[in-house]
Structures are given as C-alpha cells and as structure tokens.
Amino acid sequence: MTPFTTLSAIVAPLPRDNVDTDAIIPSREMRSTGKTGLKDGLFAPWRYLNRDARVPNLDFILNQPGYENSSILASGVNFGCGSSREHAVWALVEYGIACVIAESFAPIFYNNCVRNGLLPIQLDKGAIAALAGQAVTIDLAGQSIACDEKRFAFAIDAQAKAMLLDGLDAIDLTFKHAAAIADWQARDRKERPWVYL
Amino acid sequence: MSKTLFDKIWDRHLIADLGGGSGLIAIDRIFLHERTGAAALNGLKAAGRSVADPARVFAVTDHIVDTRPGRTDQTMMPGGQAFITETRAACRDAGITLFDVGDPEQGIVHVISPEMGIVLPGLTLIAPDSHTCTQGAFGALAWGIGSSEAEHAMATGTLRITKPKTMRVTFSGKLRPGVTAKDMILRLIADHGAGGGRGHAVEFTGDCVLLLDMEARMTLCNMATEFAAMTGMIAPDAVTLAYLAGRRYAPNPLPDWSSLTSDKDASFDREINIDAATIEPMVSWGTSPAQSIALSGTVPTTADPKSLTYMGLKAGQMIAGLPIDVAFIGSCTNSRLSDLRRAAALVKGRHIAPGVLALIVPGSSQVKRAAEAEGLDTIFTNAGFEWRESGCSLCFYAGGEGFPPGSRVISSTNRNFEGRQGPGIRTHIASPEVVAVSAITGRISAP
Numbered sequence: 001m002t003p004f005t006t007l008s009a010i011v012a013p014l015p016r017d018n019v020d021t022d023a024i025i026p027s028r029e030m031r032s033t034g035k036t037g038l039k040d041g042l043f044a045p046w047r048y049l050n051r052d053a054r055v056p057n058l059d060f061i062l063n064q065p066g067y068e069n070s071s072i073l074a075s076g077v078n079f080g081c082g083s084s085r086e087h088a089v090w091a092l093v094e095y096g097i098a099c100v101i102a103e104s105f106a107p108i109f110y111n112n113c114v115r116n117g118l119l120p121i122q123l124d125k126g127a128i129a130a131l132a133g134q135a136v137t138i139d140l141a142g143q144s145i146a147c148d149e150k151r152f153a154f155a156i157d158a159q160a161k162a163m164l165l166d167g168l169d170a171i172d173l174t175f176k177h178a179a180a181i182a183d184w185q186a187r188d189r190k191e192r193p194w195v196y197l
Numbered sequence: 198m199s200k201t202l203f204d205k206i207w208d209r210h211l212i213a214d215l216g217g218g219s220g221l222i223a224i225d226r227i228f229l230h231e232r233t234g235a236a237a238l239n240g241l242k243a244a245g246r247s248v249a250d251p252a253r254v255f256a257v258t259d260h261i262v263d264t265r266p267g268r269t270d271q272t273m274m275p276g277g278q279a280f281i282t283e284t285r286a287a288c289r290d291a292g293i294t295l296f297d298v299g300d301p302e303q304g305i306v307h308v309i310s311p312e313m314g315i316v317l318p319g320l321t322l323i324a325p326d327s328h329t330c331t332q333g334a335f336g337a338l339a340w341g342i343g344s345s346e347a348e349h350a351m352a353t354g355t356l357r358i359t360k361p362k363t364m365r366v367t368f369s370g371k372l373r374p375g376v377t378a379k380d381m382i383l384r385l386i387a388d389h390g391a392g393g394g395r396g397h398a399v400e401f402t403g404d405c406v407l408l409l410d411m412e413a414r415m416t417l418c419n420m421a422t423e424f425a426a427m428t429g430m431i432a433p434d435a436v437t438l439a440y441l442a443g444r445r446y447a448p449n450p451l452p453d454w455s456s457l458t459s460d461k462d463a464s465f466d467r468e469i470n471i472d473a474a475t476i477e478p479m480v481s482w483g484t485s486p487a488q489s490i491a492l493s494g495t496v497p498t499t500a501d502p503k504s505l506t507y508m509g510l511k512a513g514q515m516i517a518g519l520p521i522d523v524a525f526i527g528s529c530t531n532s533r534l535s536d537l538r539r540a541a542a543l544v545k546g547r548h549i550a551p552g553v554l555a556l557i558v559p560g561s562s563q564v565k566r567a568a569e570a571e572g573l574d575t576i577f578t579n580a581g582f583e584w585r586e587s588g589c590s591l592c593f594y595a596g597g598e599g600f601p602p603g604s605r606v607i608s609s610t611n612r613n614f615e616g617r618q619g620p621g622i623r624t625h626i627a628s629p630e631v632v633a634v635s636a637i638t639g640r641i642s643a644p
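From first to last, the protein sequence lines are chains C and S. The numbering used here applies: residue 1 is where the first sequence begins, and numbers increase by one. The numbering used here applies: residue 198 is where the second sequence begins, and numbers increase by one.
The hints are simulated quantities; they were obtained by calculation from the structure and are not laboratory data. Ideal Cβ positions, reconstructed from N, Cα and C, are used throughout, including at glycine. Among the clues, some could well be false.
Stated by the list, open to error - Rough simulated footprint, nothing fancy, chain C against chain S, three-plus residues with beta-carbon under 8 Å:
| # | region |
| --- | --- |
| 1 | 237–247 |
| 2 | 342–353 |
| 3 | 587–598 |
| 4 | 611–620 |
I would like the entire structure built from these sequences, with the hints used as guidance.
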C-alpha cells in the first residue's frame with residue numbers, strides 16, 4: 001500500500017448527505033471479480049447523462065472545469081453508507097481520489113478506505129464549506145489541512161493513521177501476534193470446543 | 198463489574214489490546230458470497246496467503262445467480278457467470294464449504310446461516326456483506342466488512358477493530374395489528390437518522406422484542422446497518438434455543454448460553470426508548486431509509502428536494518394511494534417463511550391489480566420448499582404473482598434482469614437508494630404486508 005504523507009489538491013464539493021456505495025459504484029458497474037476496471041463506473045448515476053454511452057453530465061462536479069483531476073472530495077454526513085462493497089473505495093482510488101472529507105462516514109466504508117490508502121477525514125459542516133473549491137494541503141502526520149492562511153485540525157484513529165502513514169499491510173501487522181493468536185485458540189478450543197468444526 | 202452483552206462477547210474474543218481503543222478480536226465464523234467472495238479469495242491467493250481454518254468458512258451463491266425457474270450458472274447479468282464459477286473454483290481450492298446453485302441449502306447468506314445453525318449465540322461472525330448484522334438476532338456479534346477485512350480474517354482468524362460504543366434500543370409495549378419488525382426498525386431510523394447508530398453496537402430489547410419470533414428478530418437486526426450501527430443484537434433466550442436445536446451445524450446438546458445477556462445494571466453509552474404501541478405501518482418516501490413515514494402520514498414539508506425530484510413527489514403529499522408498477526417480496530430483510538405466510542394470508546383468493554408486476558423471491562431454497570409444502574406458492578401464483586427460485590434477486594440491479602424503466606416499486610427490501618433497483622427506478626420500502634396489499638390494490642396501501 002502506498003504511504004499517505006501529504007497531499008495538495010483542489011477540494012471538489014459533493015454537498016449531499018448519505019452518499020451511498022450504490023451511487024459511488026453501482027452494482028451493474030462491478031463487471032469482473034477483480035479489484036480493477038472500476039474508475040469509469042465511479043459515480044456513474046450522476047456523472048453521465050447516458051451511462052451506456054458515457055455521455056458526461058456537465059453539472060456533475062467531477063466534470064466541471066478545474067475539478068476534472070480532483071483528488072479530494074468533500075461531502076456531507078454518513079458518506080459511503082449502504083453496501084459493504086470495497087469496490088466503492090477501489091473505484092475512488094483508481095479514479096485518483098486520495099482523500100474524502102465528510103461530516104461523517106459509514107463504518108464499513110471507513111475501514112475499507114484505511115485498508116486501501118485512501119484518507120478519510122471527518123470535519124464539521126462549517127469547515128467543509130470553507131474548504132469547498134479551495135486549494136489545500138493535507139498533512140497526515142500533523143493532522144491538519146492548510147488552506148490559504150487558515151489551518152484546520154482533524155482527529156483520526158491512531159491505528160488508521162499509522163497504517164496510512166506507513167502504508168502498512170494489516171495482515172502483516174497481525175501476523176506479529178501469531179503466538180498470542182495460537183495461545184488464545186488453544187485455550188478457546190478447550191473452553192468452547194463446539195466452535196471448532 | 199456489570200457488562201453489556203456486547204462487552205461480554207468482546208472481552209471473550211479479545212486476543213490483544215492494540216492501543217488507541219482498538220483490539221485484535223478472534224473471529225469464529227466467516228461467510229462469503231459470490232459477489233465479493235471470489236475477490237477476497239483471489240486476493241488472498243495472489244498475496245501468497247492461505248485460509249487459516251477453512252472448516253469455519255462458508256460460502257453461498259446468492260447475489261448474482263438468477264432467480265428464474267430452471268436457472269444454471271448462466272446469468273442475465275453480463276459477466277455474472279464468472280462470479281459464480283470463480284467463487285466455486287476458489288472455494289474448492291481453499292477447502293471451503295460452498296452452498297452452490299442447485300444445492301438444497303442454497304439461499305441468501307443471512308437466511309441460510311441461521312437455518313443451518315452456522316450462527317450461534319456468543320460467536321463472532323463476519324461476512325463481506327453489510328447485512329451480516331441480521332445474524333446478531335441470535336446473540337452473536339455479527340457484522341459486515343469489506344473484501345480486505347475478509348482476507349484478513351481468513352488469513353489470521355482475527356480482525357483489528359476499533360471498539361464501538363454501546364447503545365440499547367428498548368421497544369416497550371405491544372405492537373398494533375398489522376405492525377411488524379420492519380416497521381419497528383424503519384421507525385427507529387426515521388426518528389434518529391441514517392447515521393443515528395454510528396460508532397455503536399446496538400442491543401435491541403424490551404418486552405416487545407422478546408415477543409418477536411426469530412424471523413422477526415432477524416428483520417429488526419437486518420437494518421442496523423441502515424442505522425450506521427456496527428451491528429444489531431438481541432440476547433439469546435428460550436425462543437433462540439428452540440430455533441437452533443437440531444440445526445445441522447449447531448452443537449448437540451446446545452451449550453449453556455444463559456450468561457449471554459446484559460447484566461441488570463450494565464450501563465450503555467446511549468439509550469433510546471420507543472413505545473411500540475405508537476408504531477404504525479411505515480413506508481419510505483425518499484432515497485434513504487431515514488426518509489420514511491407512517492402510511493397515514495405525509496411527506497415532510499422540509500423534504501430534501503433532490504430526493505423529491507428523484508422520486509417524482511411533492512412535499513406534503515401522501516404516499517398511501519400512490520399507483521405502483523411493481524410489488525417485490527424478497528431479500529435478507531423479509532423473505533422468510535413467516536413473511537411469506539403473512540403475505541399469502543392477505544392475497545389469498547384475490548388477484549393483483551391489472552398492469553402490476555408482482556414477484557415473490559423466497560429467501561432460501563429451504564424456505565421455498567417449506568412454502569410449497571403448505572401451498573403458499575399456489576396462493577401467490579393464483580393471485581398473479583411470479584414465484585421464483587431463492588436469491589437476492591432484484592433487491593439490487595446488477596445489470597441483468599431489471600424492472601420496467603421508470604417503475605415505482607413497493608418493496609420488502611432494505612434500501613431505497615437512487616438507482617438501487619435500476620436506473621430511475623423509484624423504490625418504496627415497507628413490510629411484506631404492505632407490499633402484498635399494494636399489489637392487490639395497485640396503490641400503496643396499508644394492510
């Protein structure tokens with residue numbers, strides 16, 4: 001996983017609440033069992049006037065001048081709700097989105113972001129409005145967003161921060177606990193034998 | 198120290214404290230389906246890793262497989278066959294038990310896992326599917342994850358989790374006739390928002406919940422994810438034990454699970470109380486489950502214009518009485534035998550309205566056979582409904598079979614998102630009772 005350190009980009013505003021993963025990547029756009037080939041389907045319901053012919057909807061933010069190459073999205077509450085499909089995050093990353101700023105995130109989507117090097121930042125509505133359309137620099141180590149002279153601090157779970165900053169693989173990290181896992185299972189097999197099929 | 202049900206399961210499964218409020222948690226059961234399962238298994242293989250304990254991993258074909266009679270691996274969804282065949286091959290390679298197309302146990306993951314006693318009280322169970330919280334109805338800690346986390350759980354037998362807060366939702370009193378578990382959960386989400394449960398593991402309790410059968414309890418827990426909760430759960434009781442006794446993967450005799458309740462004086466981070474007698478049959482008007490109202494009510498005057506435009510509605514109007522094109526009964530929310538029985542009782546001897554397309558998709562092959570054994574299929578087909586093979590079907594549109602363009606659908610499913618059931622399709626979610634009666638009248642109607 002590519003480490004996330006700093007990112008400078010224009011913030012593309014998507015001012016909606018409850019943006020669901022069906023909107024981010026509709027089921028019909030998930031055409032293969034792999035994790036790629038998804039970027040053209042990103043936001044397909046809103047991004048295209050004709051989805052089959054891929055006729056762009058010029059009203060959609062990522063089709064507007066200055067936002068075509070945005071790598072930061074800003075949205076409302078409960079971003080990424082709905083289906084657990086990790087394809088939503090794979091599609092965002094493949095398209096080039098490296099950070100989503102939202103008032104809040106759906107829990108499965110949040111974890112999927114961290115597992116794929118996409119930085120989810122939670123901020124309040126006022127801060128998000130102030131950042132919309134602005135050129136910003138995000139510093140993950142310092143947990144701050146710089147925009148002109150202003151700085152916006154953000155909180156992030158320590159685990160998530162460490163994994164994103166160092167581009168760590170969660171499975172490798174967990175294998176370091178292999179002895180503790182084996183001990184736990186040996187004990188548990190005696191206490192709850194019915195769990196083990 | 199007093200503990201909640203959630204805390205008891207968490208503490209039991211905690212292998213290591215990872216700091217910062219996170220823990221390494223042992224995972225007892227993993228369930229995959231063909232939509233995301235092949236991606237996880239192939240990802241694992243590509244990384245040179247293997248499934249640590251395949252005997253505790255199960256898979257099923259439910260999401261992509263067709264539900265038309267006489268189905269095969271071929272699907273109406275373009276490219277869908279690869280999801281089925283690749284999942285089959287990956288499961289065989291990894292030694293994972295697959296409930297495949299045509300198997301007598303095939304069905305929607307959250308319907309068949311309980312049917313076979315794969316979910317049990319006190320277990321941790323995960324699946325790369327958001328509605329895994331359904332299985333919390335058995336007093337398990339069951340929740341949905343992404344493909345990467347599924348790979349992690351299969352490779353290590355654990356997950357790294359930020360410990361959620363706890364919430365207790367208490368439903369007190371008696372439900373009115375015609376009001377169901379679906380209405381209870383829609384009322385909770387409508388009152389407290391689609392993000393209302395974020396960061397929490399929710400325990401449902403109260404005399405009203407204890408009176409629900411297991412299938413209704415599953416409906417209640419099913420939509421905890423629509424509340425943004427990590428999961429919903431209900432403490433196991435005699436109803437739970439009676440359901441599980443004799444199921445294929447359940448231990449015999451059943452172990453003593455009596456300590457799996459929240460202690461009397463356990464404290465929760467948040468409490469919500471709902472008077473069950475005030476709950477009415479609900480229906481969604483908008484494009485989020487939170488945009489739901491009582492069928493007797495009207496669309497709020499403060500309604501989001503984007504949702505109104507998509508749904509072709511105006512603020513202040515009634516949803517009851519809206520003409521429908523399609524009535525759909527199915528999904529992990531409401532497709533079990535009791536759902537079909539209640540719907541059948543309402544359509545028996547009647548016929549669907551002219552021009553309405555009406556479908557019944559049983560939640561599992563076992564539900565289908567049981568329904569046929571008591572003649573429910575005949576009641577439905579005589580009334581003009583299509584009777585399908587089991588699967589997730591048109592709960593979502595995968596690019597294959599779809600409803601007629603522009604359809605307004607009354608649906609017993611869980612998501613009314615824009616485009617969920619197809620581009621431009623307008624979905625109203627409600628109980629199977631509301632769907633059944635609406636199919637007959639041709640308009641959204643109370644049971």
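Next item on the list: Check each numbered hint from earlier against the structure, then list the numbers of those it violates in ascending order.
Entry: none
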